[in-house]
Structures are given as structure tokens and as C-alpha cells.
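Each chain, letter by letter, is given below.
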Amino acid sequence: MSTDADSGRSSLVRQFRHGLRREQIHDALADVRNGWKHYELWGTLGLHDVRQRYRRSKLGPFWITISMGIMVLALGLLYGQIFGQDLHDYLPFLAAGFVIWGLISAIILDGSEAFIAAEGMIKQLNAPLSIYVYRKLWSALIAFAHNIWVFVGVALWFGVSWDWSLLWVFPALALLLLNGLWIGLFFGLLSARFRDVPLIIASMVQVLFFITPVIWKPEMLPGRALLLHLNPFYHLVEVIRAPLLGQPPALTNWLAVLLLAAVGWAVTLLFYSAYRWRIAYWV
Amino acid sequence: MASIELTDVSVSFPVYSASTRSLKNRLMQSATGGQIRADAGGNRISVVEALQDINLSLRDGERVGLVGHNGAGKTTLLRVLGGIYEPNCGRVALQGSTVPLFDISLGMDQESTGYENIMLRGLFLGLTRKQIRAQMDEIAEFTELGDFLNLPIRTYSAGMQMRLAFAISTSVAPDILLLDEGIGTSDAAFLQKAGERLQRFTEQVSIIVLSSHDDELLSSMCEKSVLMEHGRIIAAGPTEDILSEYRAQYGLSRVTSGRSIITP
Numbered sequence: 001m002s003t004d005a006d007s008g009r010s011s012l013v014r015q016f017r018h019g020l021r022r023e024q025i026h027d028a029l030a031d032v033r034n035g036w037k038h039y040e041l042w043g044t045l046g047l048h049d050v051r052q053r054y055r056r057s058k059l060g061p062f063w064i065t066i067s068m069g070i071m072v073l074a075l076g077l078l079y080g081q082i083f084g085q086d087l088h089d090y091l092p093f094l095a096a097g098f099v100i101w102g103l104i105s106a107i108i109l110d111g112s113e114a115f116i117a118a119e120g121m122i123k124q125l126n127a128p129l130s131i132y133v134y135r136k137l138w139s140a141l142i143a144f145a146h147n148i149w150v151f152v153g154v155a156l157w158f159g160v161s162w163d164w165s166l167l168w169v170f171p172a173l174a175l176l177l178l179n180g181l182w183i184g185l186f187f188g189l190l191s192a193r194f195r196d197v198p199l200i201i202a203s204m205v206q207v208l209f210f211i212t213p214v215i216w217k218p219e220m221l222p223g224r225a226l227l228l229h230l231n232p233f234y235h236l237v238e239v240i241r242a243p244l245l246g247q248p249p250a251l252t253n254w255l256a257v258l259l260l261a262a263v264g265w266a267v268t269l270l271f272y273s274a275y276r277w278r279i280a281y282w283v
Numbered sequence: 001m002a003s004i005e006l007t008d009v010s011v012s013f014p015v016y017s018a019s020t021r022s023l024k025n026r027l028m029q030s031a032t033g034g035q036i037r038a039d040a041g042g043n044r045i046s047v048v049e050a051l052q053d054i055n056l057s058l059r060d061g062e063r064v065g066l067v068g069h070n071g072a073g074k075t076t077l078l079r080v081l082g083g084i085y086e087p088n089c090g091r092v093a094l095q096g097s098t099v100p101l102f103d104i105s106l107g108m109d110q111e112s113t114g115y116e117n118i119m120l121r122g123l124f125l126g127l128t129r130k131q132i133r134a135q136m137d138e139i140a141e142f143t144e145l146g147d148f149l150n151l152p153i154r155t156y157s158a159g160m161q162m163r164l165a166f167a168i169s170t171s172v173a174p175d176i177l178l179l180d181e182g183i184g185t186s187d188a189a190f191l192q193k194a195g196e197r198l199q200r201f202t203e204q205v206s207i208i209v210l211s212s213h214d215d216e217l218l219s220s221m222c223e224k225s226v227l228m229e230h231g232r233i234i235a236a237g238p239t240e241d242i243l244s245e246y247r248a249q250y251g252l253s254r255v256t257s258g259r260s261i262i263t264p
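Quick note, the sequences are listed as chains Y and R, same order.
Every letter in the first sequence is one number past the one before it in full-length UniProt numbering, and letter 177, counting from 1, is 177.
Every letter in the second sequence is one number past the one before it in full-length UniProt numbering, and letter 50, counting from 1, is 50.
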């Protein structure tokens, strides 16, 4: 055992001095690609993660839907009053936003814990590391599939008028998951090394919930459009919420989300190429 | 055709204390420059050299034992062979499907039934659902668990769980098998049957690397062995020679260190 003041930093310094080697990027991309091919494994694990939450309970999967329903109803009635909103309009808006936010926050929170939570498996299984992120995305998506029925119920009750633009939900979801994949890889990696990161993220997500228009409407914030548009989470929520509420997709939102994916993936690929091999040592 | 080729492989671990894992300290450190670091020695990251300059070449049909003290680097070497740790420097070239079998019950879920666990554990071993379904009857029959396979495995005794894990893990032979302390079952009645299955299983594997402290297991399974110390390979050769060398060294260090250690 040697104590070397430099060795901790040197890998970082070396990395930036020499740049990435071509095979590092190649290996990182292969990891993401081969991880996808293990869909039977991460699909099963993701499903088990969701089932853990309600195992041995009588109502089983309905608990996920019920607790979301109660939350939406309580918040909807309260904030509808506070903001003086028409419930016909406000409750579907809140239900959609809340369910989408549930998916986004699950992706961020679980994604950043993806590698830490899988410590035992990482040290014993020679599988691509990206499977642990796919697993978390899949379980978040399964929970979303439970929760969306709350919105469907509310929307049918209040008669939201749907048209063909509803189909925009699917590409929007795909784009959100594409963003979720880099979020999980990047923050999962960072969290494995710095154990403060998941705690920072947890408090950030809480703050973001309130500054993102989920329980309040963008129109309620006059003259602060810049603040709204600089928040990437507003766009992430809006690309899915707009078609759910029967509104046509807005170009600004889509461009912002596409930009987020491009920038996020570029940064993630850089870090994941450089440090992916270190994750097994860190966890 | 399976092969393992390690060239000048070295692995070192950064040992992070709570302070180096903290982002705050890391940021403060870079903000205040070298000043604080000069007097706070605790901020340094210790490095354990787990493996140094390992050269190893294994071909089809070889069974190799890893011998050495605790902390000699046996498990780390197995993890490098399994592709779990990518080494800091050196080259690892593997050919063939590799299964690290360190814990045969890895991935088993207490709340799921025996059948579900066969599926789950099989996926962990790198099989596809289709392959597992094809093996399902054979595995179920071997475990002799009968109707219990429809119950969650938390209702099983430890021995029954072990049977199940054993049966699944030995159902499909990989090209390269990595074992830490062998595969064990504690059930006496099951032992004979398990032994036969284990033998059939290991015969199909091209290369086995086994790390163990059990002399008998090593000499029965591996004709060649490697002696490790402080992350280096210090000797390689026939298992009997390596074991006697290891014992001799152990005896010697016992005399020189002056501590009284009772050897079994």
C-alpha cells in the first residue's frame, strides 16, 4: 500500500492532457449498445423493482395508481381553490403534469442511484454497466404506466377533447427516455464517485418541482417568460403534457428538449468514456 | 476454442475515505489550491496496488488454481479475468464465454417462486429466456423440490435454496469458468448427486480458474497452480509443488515472525 498524493488526481489530469483514446469512446458506446441487448435481464429486474413496492399487499399494483390518484385529487382541489382556477381546466392539467413529473423525478432519482444500488451485481456480474440504468428507466416507465390511468380518468371525467395530436405523446416519451438514459449514466457515474451527489440531486428535484409549472400554469407567471424558458424541465414536461391535453406540440419545447439531449449526450459520452471502467472500483 | 491472455496487468485501487468521497471537500480542495493539502495529510487518496505485472496465459483444457494469503490478489485477479475490473495498465485478451461464479445465489429473489428464480438466475448467467425454458424441466427435476417450486423461495430451508441455486448455476457450461472457493452444497444426502453433476459440468468447461484455501479441492481439480503474494505471481507450476511451497513459506514466516499460529 502506498500513499501517493498525486495518484488521485493524476488520472483526471492525464485524461484531460491526452484526451480520450478512440477505443475508450468505442468501448463506452459498445457498453450502451450491448446493455440494450440484455433487455431480458434488465426488463426482469426492472419489473421486480416495481413489484417489490407492493409485494404481499392485497391490492397489488393498484396501490401505485391509488396513491397517485389521492395525491392529484387532494392537491387539485386545494390549489384549484388557492389559484382560483376552474376545475374543468385545472384538474386535467395538474393530473397530467403530476404524472409526468413522477416519471421525470423517478428517472433522475433512481437513475443517479443506478450504480450504487447495484453494487453487489456490478462486482460479480460481467455485464455491460448500462443495464443498471436501463433497469431503472424501465421500472420508472412501468410505474408511469400505472399512474397514467389517473390522468385518463380525470380527462374522461372532465371531457378533455383529444385529437390526432395525442399521438405526439409517444415520440415525446421516447425523447424523454433518451434524455433519461444520459441522465442516469452521467449522474449515476458521478454519484458512484461522490456520495454527496445523490443527496444534492434529491434536494434539487424537490426545488425543481416547485419552480417548474406542474401545480401552477405558465400563464400565472406574467413577465417572467425567460425564467420559465431557461428551465429545461418545463420543456420536458410540456412536450408530453401538451398532447395529453389536446394541444398541438410547440416547436420551442421540442427544440429545447432535443438540445438538452444533444448536449447531455455529448457531456455524458465524454465522462462515460473516460470513467466507465472505474465504476466497478468505486461502488 | 477458449483462451486467456494477460500481459503486464496491473490493478490499483483508490481507497476513498468519507472526506475524499465528498464533493464539497473536493471542490474546496481545488479552490484553495495546495495550501490546505500541504497540512491536511488526510485528504490524500491512498492507493492499494492489488495486482502488479501479472502475466498469465491459459489454453483449452487447463484448470488452474490460485493459491495465496488473504489479500494476495486472488479475487481481484478473478474479477479482472471476468471483465469486471478493467486493469489500469496491461492487456487482457479473453476468448470464449466467461461466467464468474462467485456467489451461486446472486440475483435470487426471496419473494419469487422457485420457477421464477430459475428464470432470474438463468438470466444472470447470461442465458436467454428461451434457453432457460428448454432447461427448466431438467433443472426442476434435479432439485427434487417438486411442488415447492411454485412457492416463494423465502419458504425454503437454507439447504433447499442452495439446491436450487446449485442446479441452475451448473445447468449450462460456459467456455471459461471463474470460481471463488469452489461451488459447495451442505446437504449430505444431496452431496453424491451434486458431485456427479458438478463433475459433468466442469468437464464441459474449457478453462477453469479456481481460487481456494482448500488444498484437497485444489489438488483434485487443478493440475497447475499459481502462487500469489502482494498482488504478484511469485511461482507457477504443478499444484503439489505450489502447495508445498506455499506451506513452506507459511511455516517460515511463522518462525520468523515469532507469533504462534496453529496450523490445521
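Since the hints were derived computationally from the structure, they do not count as laboratory data.
Careful: at least some of the hints might be erroneous.
As the list claims (entries may be wrong) - Listed below are several chain R residues computed to face chain Y (Cβ distance under 7 Å; list not exhaustive):
(1) PHE13
(2) ASP53
(3) ILE84
(4) CYS89
(5) ARG91
(6) GLY96
(7) PRO100
(8) ASP180
Predicted model, so just to flag it, every value in this text is computed and none were measured.
Just so it is clear, CB atoms sit at the ideal spot from N, CA and C, and this is done for glycine as well.
Here is what the structure says about each hint:
1. PHE13: holds, 6 Å
2. ASP53: For ASP53/R, the interface hint is violated, since the closest Cβ of chain Y sits about 15 Å away, which is over 7 Å.
3. ILE84: holds, 5 Å
4. CYS89: violated, 11 Å
5. ARG91: Nearest chain Y Cβ about 12 Å off; hint violated.
6. GLY96: violated, 12 Å
7. PRO100: With Cβ-Cβ at 6 Å, under 7 Å, it holds.
8. ASP180: Nearest chain Y Cβ about 9 Å off; hint violated.
Comparing the model with each numbered hint stated earlier shows that hints 2, 4, 5, 6, 8 do not hold.
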